[in-house]
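> For the record, the sequence lines run as chains C and Y. For the first sequence, the residue numbers in our numbering are 1 to 216. For the second sequence, the residue numbers in our numbering are 1001 to 1271.
For the record, the hints were derived by calculation from the structure and aren't laboratory data. Don't take each hint at face value.
To be verified - Simulated restraints on C-beta separations:
1) Y:Ile1048 / C:Asp85: 29 to 37 Å
2) Y:Phe1029 / C:Phe16: 28 to 36 Å
3) Y:Leu1054 / C:Glu41: 49 to 57 Å
4) Y:Lys1045 / C:Leu11: 45 to 53 Å
5) C:Asp148 / Y:Ile1025: 12 to 20 Å
6) C:Lys216 / Y:Ile1025: 30 to 38 Å
A virtual CB, placed ideally from N, CA and C, is assigned to each residue, including glycine.
These are the residues of each chain, in order.
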Amino acid sequence: MNFIESILLNLSIYDFILIITLVVLWHYKWKGYKSLPFFFEFILSITILEVIVQVYWKVNFKTNLFIFTFIAMLSIGYYFYVYYDYFKSKKWSKIIRVAFLIWVILSLYLYNFDLYNRTNFEPLPYFFGISVVAILIFKYGYNLVFIDEFREITKDPVLYISLGIILFYVSSFTHMLFINELLTGYTLDQKFSDLITYTNIFISLGYLGAALCSKK
Amino acid sequence: MFEEVENVYRIMVSLMLMPLMLFIILVWFIFSYQKRKFLYENEKKDAILREQSLKLQNQEAIEHERNRIASEMHDELGSGLTIIQYLSDAIISKTDDPVILEDVTKIAGYSGVLVRNMSEIIWAMNSRFDNLDGLIGYLRRYIVEYLEDNKMDHSFVADNFDPKTIISGEKRRNLYLVVKELLHNSIKYANASKIIIEIEAHSEIVIKIIEKNGIGFDPQIKKGDGNGLFNIENRMLRIGGQIMYSKDNGDMAMSICLPLNTDNFQIKPKQ
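Just chain Y, same shape as in the assembly (with noise of 0.2 Å):
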């Protein structure tokens, strides 16, 4: 009888030894697993925040050397082409002989389209402007310009836009020779008696241009008969946005479109 409770004795002992070992090793390793995976996912926060930071350095480098490149353009070419554009104004003051007239008359134009366009890619390359309010001021001095220029009657409007959003270079540059374009052919074909340009920025940017009691066109003829339009939809395409042509009545409407969103995680440029 004593030796039978000793074996049950002996037998439960076993019995709870056991599952008490198991459960201390279980939580030990459920412990350690955690420590583990916390020490784990910290690590890779590190890792995502110092990849982060590297390419907003790399990022600013670049930056930085788009500005000196811009500046150095700005300081070097440009004053030197200013100064053969005067230049040419003062011979072209002074001289009588029309070949040379002729000659240096040339000359000006050139310098004067030269410093133009650079104008164009120091402002595309300058990284102060790589925001709303650095495209939407420069292409409203650039349309009221040109079409005063034409003696055409227009209204700009752009008013419903957050200035500081973000639109990197490139694409500042070409939303600029689309609209270029499309008011070029606008004062060339269109026979308008009011050109109306509205902008709109939300999560993508619309410049809408409007032609009123134009002849207006069709898109798919124009399209075939030269590279002009051909060209402007493959930059629309290029930099992911996309132009849409209407025609209501006598007025012809092209609206450019363009996401936003996917620039917004550039870093602010320094003013």
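So that you can see chain C by itself, here it is in the shape it has in the complex (with noise of 0.2 Å):
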């Protein structure tokens, strides 16, 4: 079996819809539009390594446990961007910086500056960086609510992002806390293995409704 059929193979639902978001957001920034800050660029370094990088990983390494952590914590830096960029307030600008540096420090201190060679998950940076993000979400939605002035949501990535994210968070929150159990009981494993598979697809579509709601 060469590279490229491994590729194929591997092609989960998520990776598609991936996929389907660069083009959208190709062609959208061919003609000029606008969505979130280096949204372009963060989806098309998240495809090239879950698409292509990852199956390169799992072939010659036989597991994808550093790229499949080095795409959480790109992720969720990227998440910390977005909300940074979105609130304009000094006070909230301040919280996301602190909360941003603590998640780098707690991270770099968790993984002893060696990802690499990691044999297994560190799930604590993951929850505190996407439990920070949990939070920006909810008070995006209060702002959204009650703070902000009123304006329609439909044509809002921020929003498509935001339900992709706490759809993701929430379905996949339980199997990240307790990975270690899960590793012992292979049945169980293999389900929630399953299941992670298709809480992606969630994030996926936010990526994607993010995406089609570039504008002038």
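Put the two chains together into one complex; each comes in its own frame, and the hints tell you how they fit.
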């Protein structure tokens, strides 16, 4: 089996959605439309990592843990940036900057500056990051309903990416929390492994929704 | 075994708890957003209504002022000019001095013209006439009087219109002046056997003046000759209308067209 065949065999539904998102964003970028900041670059990186690099890693190193962790960290970093860009108030910009710094320090400390040679997934940095992002999403929803001037949200890219993240967060929370326990029971492990594949669809759909909200 | 079952149970509870919480939050969010949207749309509607009401109030105030000026012009200036005219006529009938007679005749003539011009201005200013009934009634009176004074055979047809259709004072005055100028030209230059005036009004008012068996004219050449036709076209353009000319054998037709719908938002003038 050659590398291309491996890639095609490993493509799941959320990978297809990611590719469609990338095409949509490229099309809009070519037309001069704008979406979230650096969204095209982010989706391009994620697609390359998910579709190509992860398979390459799996084939050559028998595990994709490094790429899996790297994608998770890259995504959380980008979410921080999206909400940092969205919240214009000084107070929330400062909160996001501080939370981001804590998250980076915590990740470096727990990964012991060695992400590459790790053999198990460290859920704490991931949880801390995604939990802060979840708080930012709730703040976004609260602002939308009670603070900001009323506006139609159906064409707001932040809404779709927020929905994608929160649905993914809720559905993958348990899996991530009990990941080490799940590794012992192989039946459950398989079911939860499938579950996380499906939960990724939420986030990919969120990206696609945000991409479709590109405007001049 | 027992521990494993407990673990699975714990996982299942956690699995159910978070989606349930999210579901509640999402329902709350959608409900709150819809409520906010409803309030916002109501506020928007109120703001539009307030704005419209303000516009109406302004318009009413302007119309009130226009009517006041028209009424004062009629009462103060009009009566004064009429007195001047009567006094001049009285002097003319009493004096034999040719110098005084010539001067007083001029005074009587000028005051007559002033009375007529002022009555035109008062008619244009008075919002009571801001409708097709006011315009066509005034045109009918003027046209019939003018053509009869000049012994011109004529017919006036204006049946097909809604008398309540709104038309502003500015448009009425410009239409009247255009008709006046065209009739003046017809009497002076056309050498027609009869003048037919037809008025129709639906989405636009069309006033058609037909010179029967006249010499007609080429509007392009005429426009270069003097200011008359040039001014007429300018007047029509200013109020958003146009004038068209057509010639069929000995009949020359001039059609004045003006869209009417743009004035229909105005309030109905108080009678």
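> Are the hints correct? Go through all of them and say.
Now for the hints, and whether the structure bears them out:
The beta-carbon spacing between Ile1048 of chain Y and Asp85 of chain C, approximately 34 Å, falls within the hinted interval of 29 to 37 Å. Here the CB-CB span from Phe1029 of chain Y to Phe16 of chain C is close to 29 Å, well matched to the stated 28 to 36 Å. At roughly 50 Å, the beta carbons of Leu1054 of chain Y and Glu41 of chain C sit within the given window of 49 to 57 Å. For Lys1045 of chain Y and Leu11 of chain C, the Cβ-Cβ distance of about 51 Å falls inside the hinted range of 45 to 53 Å, so the restraint holds.
Our hint of 12 to 20 Å for Asp148 of chain C and Ile1025 of chain Y holds, since their Cβ atoms are close to 18 Å apart. At about 33 Å, the CB distance of Lys216 of chain C to Ile1025 of chain Y agrees with the hint of 30 to 38 Å.
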